[in-house]
Each structure stands twice: as C-alpha cells, then as structure tokens.
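Q: Sequences listed follow chains A and B, in order. Okay, so the first sequence: first residue is 1 according to our numbering, each after it adds one. Okay, so the second sequence: first residue is 1001 according to our numbering, each after it adds one.
Any given hint could turn out to be false.
Residues on chain A that point at chain B, a partial pick, calculated with CB under 7 Å [what the hints assert, rightly or not]: (1) R22; (2) A23; (3) H440; (4) R545.
A short list of chain B residues far from chain A (calculated; beta carbon distances all over 10 Å) [as the list claims (entries may be wrong)]: (5) P1003; (6) R1009; (7) D1015; (8) P1137; (9) S1174; (10) G1212; (11) S1256; (12) T1261; (13) R1302; (14) S1332; (15) K1435; (16) I1447; (17) A1481; (18) V1508; (19) G1540; (20) D1548.
Derived from the structure by calculation, the hints contain no laboratory data. All C-beta atoms in this analysis are idealised placements derived from N, C-alpha and C, irrespective of residue type, glycine included.
Below are the chains, spelled out letter by letter.
Protein chains: 2
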Amino acid sequence: MTPLATLRRYLPILDWGRRYDRASLRNDLVAAVIVTIMLIPQSLAYAMLAGLPPEAGLYASIVPILLYAIFGTSRALAVGPVAVVSLLTASALGEVAAPGSGAYAAAALTLAFLSGAVLLALGLLRLGFLANFLSHPVISGFITASGLLIAAGQLKHVLGVPAGGETLIGIGLSLAGHLGDVQGATLAIGGGGIVFLLWVRRGLGPFLRRLGLGAGAADMAVKGGPVVAVIASTLAVRAFGLADQGVAVVGIVPQSLPPLTLPAFSPQLLRDLAVPALMISVIGFVESVSVAKTLAARKRQRIDPDQELIGLGAANIGAAFTGGFPVTGGFSRSVVNADAGAETPAAGAFTAVGLGIAAMSLTPLLHDLPKATLAATIIVAVLSLVDLSILRRTWRNARPDFAVVATTILLTLLMGVEIGVGAGVILSLALHLYKTSRPHVAEVGLIPGTQHFRNVLRHDVETAPGLLMLRVDESLFFVNAHMLEDLLRLRLAADRGIRDVVLMCSAVNVVDFSAEEGLEALNHMLRDAGIGLHLAEVKGPVMDRLRDTHFLHDLNGKVFQSQFDAWVELTGTAGPQRAAE
Amino acid sequence: MTPLATLRRYLPILDWGRRYDRASLRNDLVAAVIVTIMLIPQSLAYAMLAGLPPEAGLYASIVPILLYAIFGTSRALAVGPVAVVSLLTASALGEVAAPGSGAYAAAALTLAFLSGAVLLALGLLRLGFLANFLSHPVISGFITASGLLIAAGQLKHVLGVPAGGETLIGIGLSLAGHLGDVQGATLAIGGGGIVFLLWVRRGLGPFLRRLGLGAGAADMAVKGGPVVAVIASTLAVRAFGLADQGVAVVGIVPQSLPPLTLPAFSPQLLRDLAVPALMISVIGFVESVSVAKTLAARKRQRIDPDQELIGLGAANIGAAFTGGFPVTGGFSRSVVNADAGAETPAAGAFTAVGLGIAAMSLTPLLHDLPKATLAATIIVAVLSLVDLSILRRTWRNARPDFAVVATTILLTLLMGVEIGVGAGVILSLALHLYKTSRPHVAEVGLIPGTQHFRNVLRHDVETAPGLLMLRVDESLFFVNAHMLEDLLRLRLAADRGIRDVVLMCSAVNVVDFSAEEGLEALNHMLRDAGIGLHLAEVKGPVMDRLRDTHFLHDLNGKVFQSQFDAWVELTGTAGPQRAAE
Chain A
1 MTPLATLRRY LPILDWGRRY DRASLRNDLV AAVIVTIMLI PQSLAYAMLA GLPPEAGLYA
61 SIVPILLYAI FGTSRALAVG PVAVVSLLTA SALGEVAAPG SGAYAAAALT LAFLSGAVLL
121 ALGLLRLGFL ANFLSHPVIS GFITASGLLI AAGQLKHVLG VPAGGETLIG IGLSLAGHLG
181 DVQGATLAIG GGGIVFLLWV RRGLGPFLRR LGLGAGAADM AVKGGPVVAV IASTLAVRAF
241 GLADQGVAVV GIVPQSLPPL TLPAFSPQLL RDLAVPALMI SVIGFVESVS VAKTLAARKR
301 QRIDPDQELI GLGAANIGAA FTGGFPVTGG FSRSVVNADA GAETPAAGAF TAVGLGIAAM
361 SLTPLLHDLP KATLAATIIV AVLSLVDLSI LRRTWRNARP DFAVVATTIL LTLLMGVEIG
421 VGAGVILSLA LHLYKTSRPH VAEVGLIPGT QHFRNVLRHD VETAPGLLML RVDESLFFVN
481 AHMLEDLLRL RLAADRGIRD VVLMCSAVNV VDFSAEEGLE ALNHMLRDAG IGLHLAEVKG
541 PVMDRLRDTH FLHDLNGKVF QSQFDAWVEL TGTAGPQRAA E
Chain B
1001 MTPLATLRRY LPILDWGRRY DRASLRNDLV AAVIVTIMLI PQSLAYAMLA GLPPEAGLYA
1061 SIVPILLYAI FGTSRALAVG PVAVVSLLTA SALGEVAAPG SGAYAAAALT LAFLSGAVLL
1121 ALGLLRLGFL ANFLSHPVIS GFITASGLLI AAGQLKHVLG VPAGGETLIG IGLSLAGHLG
1181 DVQGATLAIG GGGIVFLLWV RRGLGPFLRR LGLGAGAADM AVKGGPVVAV IASTLAVRAF
1241 GLADQGVAVV GIVPQSLPPL TLPAFSPQLL RDLAVPALMI SVIGFVESVS VAKTLAARKR
1301 QRIDPDQELI GLGAANIGAA FTGGFPVTGG FSRSVVNADA GAETPAAGAF TAVGLGIAAM
1361 SLTPLLHDLP KATLAATIIV AVLSLVDLSI LRRTWRNARP DFAVVATTIL LTLLMGVEIG
1421 VGAGVILSLA LHLYKTSRPH VAEVGLIPGT QHFRNVLRHD VETAPGLLML RVDESLFFVN
1481 AHMLEDLLRL RLAADRGIRD VVLMCSAVNV VDFSAEEGLE ALNHMLRDAG IGLHLAEVKG
1541 PVMDRLRDTH FLHDLNGKVF QSQFDAWVEL TGTAGPQRAA E
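Using the sequences provided together with the hints, build the complete structure.
A: This is the structure:
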C-alpha cells in the first residue's frame, strides 16, 4: 500500500473532506442544530445513569464526536454517551469508588481510556471479527435485560427515594424498603413525564401521520418530546418553587468548555477496570457497528469494522482527556442525525460546536431541571430496547438460541451484566461445539434419473446391496474425531453384508490432525474386516490437507471426484450420463 | 430398559461372569502372576513419584483393580497408579501440604475421592464425550512434556541430592545448585539401572527376537527388566552395606493389607483440590479409554466410555478409602496383562490377591531397595512416552495442530501441567472457531458432461454469464453470520452483470438464529439490487430449521433440490439428463 493509501485508510476524513461542498454544508448544519437540541437532555440523562455529574454528559458528547469525525467510516453515526454503555460504566465504577466522589469521576476517565486503548488495539490488529462471537441471541438478550435493569434503576428518581441495588432483585428490594418515603411532587413530575413521553411516542406520532405529516417529520416531533418535557418541567419547578419542596434538580452546572483531564493510572485501578473495559469496548463496538451498518445500507455506503474500532478508540481516548466517560455510536442520536439530513461527519463536528456553546452558556438554564424528568426520558427510551419477541421466535425452531437468550436475560437481570453476557457467550459456544461433536450422518442413495444423492430416510432413492454410502454432515476435527469409527462399528455389527463404505465428504470442510488419526483407525478397522473405504466429493482444501498423509497412502479404497462416480464404479452400472457419452 | 438390563449395563461383571469357565480361569491366573511381579516395583515407583510412602502404591493397586473388575467394560485393562496421574497428584498435593507429612497423605485420599466423584458423576450423566475436547495434539503434547518433566524430576534420586522444582527450569536450577552433593554410590546404582534398563529395552528385546523368541515372549522379558534391576540392586545394597554409605533405600514398609482410611473433607481442602481433581479425572479417563479401546480393538470387543467412567470412578473412590491415591488404567500394565493372556477382569482380581499377599508378607524384602533404582525404572518408562515426531508431522500440513502441540509442550514444561493443558484446549478451540469464522467460499461451475459442480479456480468448469454460484464451505452460525453479506457486497460491486446468486448449501449443516438474520439481510440487499437469491442442495435438517422463517418466506428466488436443477433452470439449458428422459 502506498503511504497515501495507508493515510486514507486510517483517516477517512481525507476521502469525504476533498469532495465537501456548499450543499453538504447546508444539510449538515441543519442536522447539527436538531441533534444538538436533542442531545442536551440526553447527555445529562446518561451522565446521571452513569452516576456522574451532568456536565460529564455534555463533555463526553463534544470531543469524542470530533475525533470520530476524523477517524470513523460512517457518514451518519453520532458518537456519545449511550444507555447500555452508561449502565456498564455505572456498574464497573460502583465496584471501585463511591458515586459522586472525585475518585469515581477519575475512574470514569480511566475506564474511558482503557476502553479506547482496547478498541484501538483491536482495530490496529484488525481483530474486529472477534465481535462476531457475540451472537445475535446474546446481544438481544443482553440489551433487553439492560433495558429492564436501567428502567428499574431509574425508578428511584421518579419516586424521589434514595434506593440502590445492582440487580433486578436488589433494586426491587431497595425500592420496596423506601416505599414510605415517596415524594408526591417528584412522583407527579416523573410519572407525568413518563405518561407524556409514552403518549408522544405511541399517540402523537401516529396522530401527526394521520394529519398528513411525513413520517420523517412526525418522527422528528416524537424525538423532540424529551426537549418539551425538559422545558416544561424546568419551568414548573421554577414557577412553583418545587426545588424547596424536595424535588431533586440538576443544580449548578459549571459554564465551561470540556476541561483537560488526566485519567488515574494506579496499577490497582487498571487491574480492576480491565475486564469491564474489555466488555464495554466489545459491547459498545457491536452496538455502534450495527447502527452504522444499518445507516450505511440505506445509502449503499460501506463500513470498515476495523477502522470503526480505531474511530471509536480515538473517541474514547478523547473522552478520557476531556472530562467524559465511555462513549459509543448511539442508535437514537444517529437515526435523528441521518433523518435530519446529515451527509458527512462534518454534521457531527457542528453538533460538537453546538454542544460546546451550550456547555459554555446554557447550563444556568438547566439548574431547575428535575432529575425525575431525566429519569422519565431514560425509562421511556430504554423500554423501547426491550424486545421479548425473540424468546417466542427462537422457541419455535431454534431451541439452542432460545436457551442462550433466556440464560442471558435471566443472568443479566439477576446476577449483573458481566455474568449474563459471559454466560451467554460461553453457552452459545458450548452448544455449538456440542452439536458439532455429535454430527448428523445420513445414509444416502441415488435419486433415480439424476446424479444427486439424498438421505434414504427422507427421499425415495436407489441403494445397492453391500454398498453403504454415508454423508458426513460436519467437518472432522478433534471433538468428533472418533465418531465415524464408533458409528461404523455399530453399523457393521448390525449389517454383515457390507462390502464397501463410501464417505460423501461434501460437508467436510476441515480435517485436523486428530481426525486424520481417527480416519486412519477407521481405515484399519475396515481393512481388517475386508471392507473397502472410499471417499467422494472431497473438497480442494481438504484434499490438499490429506495429500501425503499415511491415511490417504494406506487408503483401502479410492477417492472419487463425485458421489456418482463412486456409485457407477462400485455398483458396476453405467450411469445414464456415461451411457449417453 | 428392564431392571435386569439396567443392572447388566451398570454391572458388566454379570455379563462375563456367567460365561466364566476353567480355560479362562487358567489363563487369567497365569496373567495375574506375571502382572503381580511386574506391578510390585512399578507401584512403589509411582508412589514415590506422587510423593507418597511406598505402601500407598501397593494399596492403590489392590482395591481399585477389584472395583474396576466389577464395574469396568474392558476385559484387559489394569487399573492402578500410572506415571502421568502420579505427576498430577504430586503437583496438586504440593500446593496444599508438605510431602511426607500426614496431611499430604490425607490430601491424597481426598484427591482420589474427588476424582472418583467427578468420574462417577460424568458417567452417570453420560458426559463421556467431554473427553473429546482434549484433542490429539493436546494429549500428545501433554504426555510428551509430562514424560520430560517426570524424568527430570527423578534425576535427584539418581544423583542422591535433595533437589526440588515443579517446572523444567525450576528442576534444572535446583539440580544445578546441588551438583556438589552428588553421591557416588547412588549415582552408580541409578545410572547403572538406567543403562541396564535402556539396554534391556533397546538391545535385549531385538536380540531375543533374533534368537527366534516370539515377539510376545521377548516383550515379556523386556518388561521383566525392572524386576531384575530391583532384585540385583537390593542384593547389592545388602551385600555392600550401601545404605550406611548414604544410598537412600525404601526402608520399612508396613506388612499389612490395605487399611481402611477416611479422606479429609475440610471445605478449604475440597476447594483447593477441585480443579486438580477435575484435571486428573479427565486426563486419567482419556488415557485409560484410549488404552482400553486399543486392547478391545485387537479382540473386537466393545468399550462403553460412559460405563468406563463409572468403573474408574469406583476404582478411585476405592483408592480413597484404602490408603491409596488417584489411579487410572495404565498402558504398560494393561499391555502386559493382555499379552500374558488375561481373558476377563478376573485376572485383575487375581492380581489384587497377589499384591495383597505381597503387601502382607514381602515388604521386608523391599527394605534395602534403593530409591535410585525406582527412579531409574520411572525414567526409562516415561522416556518412552516422549514423542517429538508429532511436531514434525503436524508442521508439514496441519499448522494449527502444530501450534497447539508446541504451546502445550512448552507451557507444560515451563509453567506446569494445568496451564499447559488448559492453554492447549483453549487454543485448539479458538483456532477452530477462528477458522469457522472466516470460512472458505468457492465459486463453482459445472464439470462438463456431469451434474457435478466444482471450484472454478481448481477445475475446468462451465459457468454462465449473470449467474454466480457459490459453495459455502461452513455451517452458518453466529461467528460467521454476516460473512456472506460482506462477501457479496464486495463481489457485486466488482461485477455489475450478476442477475442471480445460487448458494450451494451442501456443506451448510446448521443455520442458527444469528445466521438466519444474516441471510434475511442478504436477501434484502440482493432484492434491492434486483438480483435473485437461490438455494440449492439444502439438507433435510437445515430445511426443517428454515421452514416457516421470514427468510424463506420472503426469499427472492427459489430453493432447488440439486445444484444441477438450479443450473438447468437458471441457464435455460436442458440438462443432458433431462434431455434423455
């Protein structure tokens, strides 16, 4: 690769930046204004969810978005604090410091730095494929459970009680213990906020569409709901002096651009946060890439997952040095950005400028914003993540996947995110390996009038006496290396008339060293019994692998290109095809 | 299953016991006498290797062999202390107690009990297949490294120095530090023993065979070598009063049948020994089953791995309550047993009687047996386990397996058995998953004059313009769920003329929920691009799985039974086959 090409690969901005024009500028500016307005309450809310002061949410939405604009490959992805990553942040930091303390905020910087370092390292080593090990059921289960956990965790703000708890049971017990302390005014604001936001989402959107508003404009109005709730509840607090009646408000937020901060680097802290950082990186990456791919597919653009790792890594390191906390590409903010017409990452840069202005000048207006309203916006937002339909869909015809979803949801709710996701990943790998360790092997016969072979139990096929044709439906490797030997020992004991065995290898993609030994043993067993062992439809890569092995050398039979060739030769019938030649 | 059949399954003795006759009795008795003589020095040696008093080796060879005779399925397997398991025992016990202490011997009982419990549980749950996860390269690498470690660890007895060390480097450094303390007489006995035993093995055996002795008899003479060495060196010690000159001898061994003992069950000890017990169970089981299978194959008998787990479990629990330590089916003792003509497990029972007599009456004769001789027998025995040829064989055409062997050997030697085997298992799984996450996908075409489709890059095949036929060489599941989408996006961008894509699914054995979503996304992508997506050669189980899914419902194309059917319909050419009908 030329130095310039390398530079372009690592700096996608060089690509779109060259072609930037006035029309793109106008569209990006419009999108940025809309996104900025939406992001102000969202940033404050997710900072609260992460257990951090409100300004951290604003800071985490400024520099990271700028760095992603330089290094990221998605044109519309908006990077900043998101619900699930904020939950993971709170759960990780709760282990090392008390929420609200200086150590807690410093540890948030360290966590962002570590996540950024992990993401960068994975990107530079081009290990983006590792995210594939999080299966769809694990991700779905985890997101659903996180949505429920987050919503449950925010109820304390809606009720105005000092409850705690990390797991669903812990939160429930803690809330139950504080039921006597519920504050009426807070509940009115929080409960009212939830009802209003749900109505906006479920009632207003369809209503506006019926009025003839375009779907995009109607959605935009729905997305504006939280802004309306924030303004209305802030004005209510101020008008009725509710802060004096015990309604918790955001309070004093410093007027400042993001400060320059240094993460704490004590060895103990780095050790404690290493696993959570890895988790946040991988989950944040998976979430971000799936959003980016969805948006890119709409416009036929391309996402490079390895470069995305670099973009998100830079964003998190940026967050670490500017008073933020771990960030990733968020679904709702990105969709708003795309719907509002953003054409290039410059829209993100303009959003950053907008948020910078807000951080410097608008924060006094936020003083009387009730925390209950922020909690209401979080609850309504995360409940849309909860999707239990996957349980029904996997139960029908993908039971192993059902087991994985159910395990992930239950363990995440009851024992926390790390155990839930870890168990989900291990269970999905274990179930897959269990399946491959006991593969399906079909006895096949010829479908009359064709050269095609199918399972004798499912199709009406021709077979020949003394000829056993087996289709092995799995790669042969250590977990099933001796399966064929065991299976044929039983089969031969039951049927003494077998003279030839043909293994149809169309589904054998790999033969490892253990399986090679297994095949050798099988060959010896069949040879001792006076039975021929033949292979058919062995693929190129497998044939390359077996060439020059003892097994192929001593093979007590032949290797046929196709199953039909084996049939023709071993049954002595000329195939219809050959007859015609 | 009838109660009687259940009883027969769990008590194989009911099966062979019914048909036991005079001829079998004579053969079993002869075999038992030979094996008893061989087992006396071997039992003492492996007890020493495990860090236990010599009588523990005798005890561990008595009751376990009886219990295995009742519950085990192999006709010739001899159960007792073996080298590798004794090494694992020493390494586990060294973590919890000082060798030679009472706590050490009690912990050995606990370890045997835990291993027995694990084996029994695995057997009752029919989880014997779990042993398949130890691939051939991991087992080979581990056995080779263990052989080297054991031999190195025994050098201290040959040199007569009080060295220690657990890893190759540790042992080497410790020996180097004691080079000044080497005892001449001990070295003469130990070194002489090694030279003699190597000569017996490499020189005497071939010599006797050249003299016309049968291979069996010659091998038997070779196996008798250690007995000769034991007798000769014991007489030498007595004759020259070498014990007074500092030659370490076995010393006083109590004259007793195996005592009734109770393992220690403190929670801390159980926790500390849980992982080593699991390891010993699985490794001991794998070793034992492979020996049993080899012997059974010679006589066309059958081994039931799940029942073997029960037999070995019972044997270990027996060891725990009769002053023993962890045992398993050993290679050399089993081969001698089989070669000496053992026909049924009764031979094992007679061996137990023989060893019982030895434990009661012959132990005073062992007083002057030098430990250096025992060490020499161990060293020569385990060096035959060392097989570095697997490194060469895997290097040639199975590089991932090479990586696994090399890692297992190196880490076992340098960091101990648990880390070595653990890393080997994890690496073999990871390499397999890595491979399946980036599967081989071949573009195929029709081999002229047949109905067989092959890789266009390897074979001279027909293709058709606008028709892309891809053979997917892997099951579709979460680790590669989006691979086809990514691959086709690139392929379609490069070739704008494609109108139809046929996925030849002969190697797709599984489609999980994640892959179903991936296929749906692929279908949408192709539909939006006006390209048809077709499937061919979908197997029965996969078709069952996909029936009633959104993907198949919305499929923008057809499902063909064979690739040839797809070719005929999509190219509009009548196949030669159809033309003939």
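Q: Hints first: check each against the structure and report whether it holds.
A: Here is how each hint holds up against the structure:
1. R22: Hint on R22 (chain A): violated, closest Cβ of chain B at ~29 Å, above 7 Å.
2. A23: Cβ of A23 (chain A) sits 25 Å from chain B, so the hint is violated.
3. H440: For H440 (chain A), the interface hint holds, since the closest Cβ of chain B sits about 6 Å away, which is under 7 Å.
4. R545: holds, 6 Å
5. P1003: holds, 25 Å
6. R1009: R1009 (chain B) is indeed farther than 10 Å from all Cβ atoms of chain A, at 16 Å.
7. D1015: Given a closest Cβ separation of 16 Å, the condition holds.
8. P1137: Check fails; 6 Å does not lie beyond 10 Å.
9. S1174: holds, 32 Å
10. G1212: holds, 27 Å
11. S1256: At about 43 Å from chain A, S1256 (chain B) clears the 10 Å cut-off, so the statement holds.
12. T1261: For T1261 (chain B), whose nearest Cβ neighbour in chain A is about 37 Å away, the distance exceeds 10 Å, so it holds.
13. R1302: violated, 7 Å
14. S1332: holds, 21 Å
15. K1435: Nearest chain A Cβ is 6 Å from K1435 (chain B), so the label is violated.
16. I1447: Non-interface label fails for I1447 (chain B): nearest chain A Cβ at 8 Å, not farther than 10 Å.
17. A1481: Violated, since 7 Å does not exceed 10 Å.
18. V1508: At roughly 8 Å from the nearest Cβ of chain A, V1508 (chain B) sits no farther out than 10 Å, so the non-interface label is violated.
19. G1540: violated, 5 Å
20. D1548: violated, 7 Å
Checked against the numbered hints given earlier, the structure breaks hints 1, 2, 8, 13, 15, 16, 17, 18, 19 and 20 and satisfies all the rest.
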